[in-house]
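Whole structure, please, built from the sequences with the hints as guidance.
2 protein chains.
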Amino acid sequence: MKLEMICTGEEVLSGQIVDTNAAWFANLMMEHGIEVQRRVTVGDRMEDLVAVFQERSLHADIILVNGGLGPTSDDLSAEAMAQAKGEPLVENQEWRAHLEDWFSRNNRVMSANNLKQAWLPASAVMIDNPVGTACGFRVKLNRAWLFFTPGVPFELKHMVNEQFLPFVQQEFGINANVALHKILTFGHGESLLASKLEPLALPVGMTLGYRSSMPHIEIKLFARGDEAIAQLPQVAEQVKAALGTAVVAENKATLAEEIHHKLYRSGKTLSAAESCTGGLITSQLVAFAGSSSYLQQGLVTYSNESKVKVLGVKPQTLDDFGAVSIQVVEEMARGARSLLDCDYALATSGIAGPDGGTEEKPVGTVAIALATRNAVYSQMVKISGRSRDLVRSLSAAVAYDMLRRELDNEAVVVDYSSIRRYAK
Amino acid sequence: MKLEMICTGEEVLSGQIVDTNAAWFANLMMEHGIEVQRRVTVGDRMEDLVAVFQERSLHADIILVNGGLGPTSDDLSAEAMAQAKGEPLVENQEWRAHLEDWFSRNNRVMSANNLKQAWLPASAVMIDNPVGTACGFRVKLNRAWLFFTPGVPFELKHMVNEQFLPFVQQEFGINANVALHKILTFGHGESLLASKLEPLALPVGMTLGYRSSMPHIEIKLFARGDEAIAQLPQVAEQVKAALGTAVVAENKATLAEEIHHKLYRSGKTLSAAESCTGGLITSQLVAFAGSSSYLQQGLVTYSNESKVKVLGVKPQTLDDFGAVSIQVVEEMARGARSLLDCDYALATSGIAGPDGGTEEKPVGTVAIALATRNAVYSQMVKISGRSRDLVRSLSAAVAYDMLRRELDNEAVVVDYSSIRRYAK
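Which chain is which? The protein sequence lines are A and B, in order. With numbering that gives the first Met the number 0 applied, the first sequence covers 0 to 423. With numbering that gives the first Met the number 0 applied, the second sequence covers 0 to 423.
Heads up, some of the hints might be wrong.
Identical copies carry no separate label here, and so any pair may be met within one copy or between two of them.
As the list claims (entries may be wrong) - Capping the alpha-carbon separation at 20 Å, the derived lysine to aspartate or glutamate pairs in EDC-like fashion look like this:
1) K195 / D225
2) K219 / E249
3) K1 / E54
4) K219 / D73
5) K308 / E78
6) K1 / D47
7) K219 / E9
8) K308 / D340
9) K1 / E409
10) K1 / E46
11) K156 / D225
Think of the hints as simulated: they come from the structure by calculation, not from any bench.
Okay, here's the thing in structure tokens:
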């Protein structure tokens, strides 16, 4: 079965919006063991739409078309499909009734434009949209089924999960007998990880992929078929053993997500005192619902005065060692922890750049500390040749990783091959 | 001139990474007055690449091809182009010498794989890459010039700006006689903005577009040709007059960027005390280099204890009015400002959801305050039917907008048609 995708819309084509629908769809299909083989993005011109429907229907078995089902004059997908097939548009009585009902229930006046959404190519099979006013539909042309979906991400996701996937499975007998195991790594480059995993003999039906999403690299173990699926847990253990301390989480997208789950379950509390990371450690956790149960406070103490007044860093320590130092960041962590008597506190102080570096402490120099009830751990790293954003996100990830190792009773400070550490 | 784009790479096609290169390129072209007419995304299979080069070269005049120039076995663009044209690969001596020089200067051993990057289709014109090991090249096939660029965003941007644009301008005589004026709005829906701008008669050669990038809506005035360009400032003034308080910035991407520039220039200092926004106000400013000159500190005081101990909020106020109240957020702002004697402090306290709402204060209820040396301004808004992320980013935007209005000597608290405000 050959699957393609056609994305429509001037906004997507012209780069005014990034096409996250396309990435979401392709990724979902891959997790079901189905590859998208080609994706074509076109604007809202009638002749472009008609041409691409006709052309791709000669090559693919099924084509997911996204966008162009709305009520405005730019929304041409149904009419273009009718032209491509050489048939008229016909009003779908079921969807018209549905629209009238929807507008009267919501006390809104239905305009003539909205009625347009019930007009489908004559041979189309209507596809219900329980969460919006644009119905989907599918049409057979040449060798392909073209499956039309709304551009609104929420509506697309509904329709793909509830209608497209079952249709594909029924029509093409795809047995989505696949499983995925994700292993999150941090601190090592893709080539190094690959060299450690190369000796591993993967069972038939299993593939291994790398996905770089800074500051992490994710390793995906993809198993197709019962035999490969049965061996997945065992192979995952082999991968983890081969990678050692590079592994920071399993089946989580980020270190922040891992920390969130660990702290949420543990009942332990956390404060953060951030300088160069500027609230990143805090805000990545706040993004998860329920974080208020463990996150006591996050203090972005940018100025020296703030480090002294709020965190109790000694002015003498700042004078003696400078704001970016092991000594200061340890006092920051201690101060942040004791202020509300938390279980843990993380602290960072560094030079994110592009300016502010010195010969001794160039841009990318970051001191990071973790305070617990019994100890303070710290390290000073040098993240060179990276943008301000990356210095910040890598620093936050090192901090999270220190806390994660403490929560897992591992050594808190480890070597990262892709991040240099200053000798203490 | 008909411009298309071909994006290559399994990772892009399969949705493992979102194709921001494509959006960046299309957007840049649009700002130069050139439309991308179609974008095709394919994986790393040789036959797919050959087919798409042959096919699209019949339809387009110029095609930007992105990706597949690296040293690994997945990188097939040069070989696929040679096959599509029916010619051999030939080693480019200039680029080989460049590679040898680069590796010896960087004290790195050059592998056989790297040499592959100097092999180009026989008829190719090599294109310099001053920032990477993959040279670009261009080949004429059928009616099209295919212009090959590296997938690394930084290298792509260099090559497009320094080589692709001049080539297009020279080859196709494109006179990029265009200008763009962006007007950033906040707090009002697109349909309302559109209804206010509809009566405006735009001069010939000028178009008006809307781009929703939550929490803002950007209005783009695009002028093509000398006459339209000359009228751009005047039309921009008309647009601003028609939109009134909805306008929050010009030629800036976000309110945070506007605040950054205003504070950076003014020499005034800021602190933030954030509860539900969880560091967002601070971290959006820290993202800009130079923010340490005005941002004194950002305090994420999630717990009540932290509000009391760090900001000096009175326990009685918390008891009497609850953490999400005008009274508490005003004390938070006052406390954050006086702690380091800043010029301004922003404070937020709210219920971001999805849990934690009550009948009186449902999810989306957020209290926001601005403290200055002379006064405290506050409002309580109700952001309903939005995700946790959006409640947070809309709240941060309201806070920035209050500060921006104060800096511009405007009324600090205004009505937003898309955000409800509680009566005080």
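Status of each hint after checking the structure:
Taking identical chains as interchangeable, the C-alpha atoms of K195 and D225 are never at most 20 Å apart, the minima being 27 Å within one chain and 61 Å between chains. Within a single copy, K219 and E249 get their C-alpha atoms as close as 10 Å, which meets the 20 Å cut-off; across copies the closest is 44 Å, which misses it. Taking identical chains as interchangeable, the C-alpha atoms of K1 and E54 lie at most 20 Å apart whether they share a chain (14 Å) or sit on different chains (18 Å). Taking CA atoms no more than 20 Å apart as the test, K219 paired with D73 passes between copies only; the shortest distance there is 18 Å, against 40 Å inside one copy.
With identical chains, the CA atoms of K308 and E78 are never at most 20 Å apart, being 66 Å at best within one copy and 63 Å at best between copies. Taking identical chains as interchangeable, the C-alpha atoms of K1 and D47 lie at most 20 Å apart only when they sit on different chains, with a minimum of 12 Å there against 22 Å within one chain. Taking CA atoms no more than 20 Å apart as the test, K219 paired with E9 passes between copies only; the shortest distance there is 14 Å, against 34 Å inside one copy. Taking CA atoms no more than 20 Å apart as the test, K308 paired with D340 passes in both settings, with 17 Å inside one copy and 11 Å between copies.
Within a single copy, K1 and E409 get their C-alpha atoms no closer than 47 Å, and across copies no closer than 59 Å, so neither meets the 20 Å cut-off. In this homomeric assembly, K1 and E46 come within 20 Å of each other (Cα to Cα) only across copies, at 14 Å, whereas the closest approach inside a single copy is 25 Å. When the C-alpha separation of K156 and D225 is checked against a cutoff of 20 Å, the pair qualifies neither within a copy, at 27 Å, nor between copies, at 45 Å.
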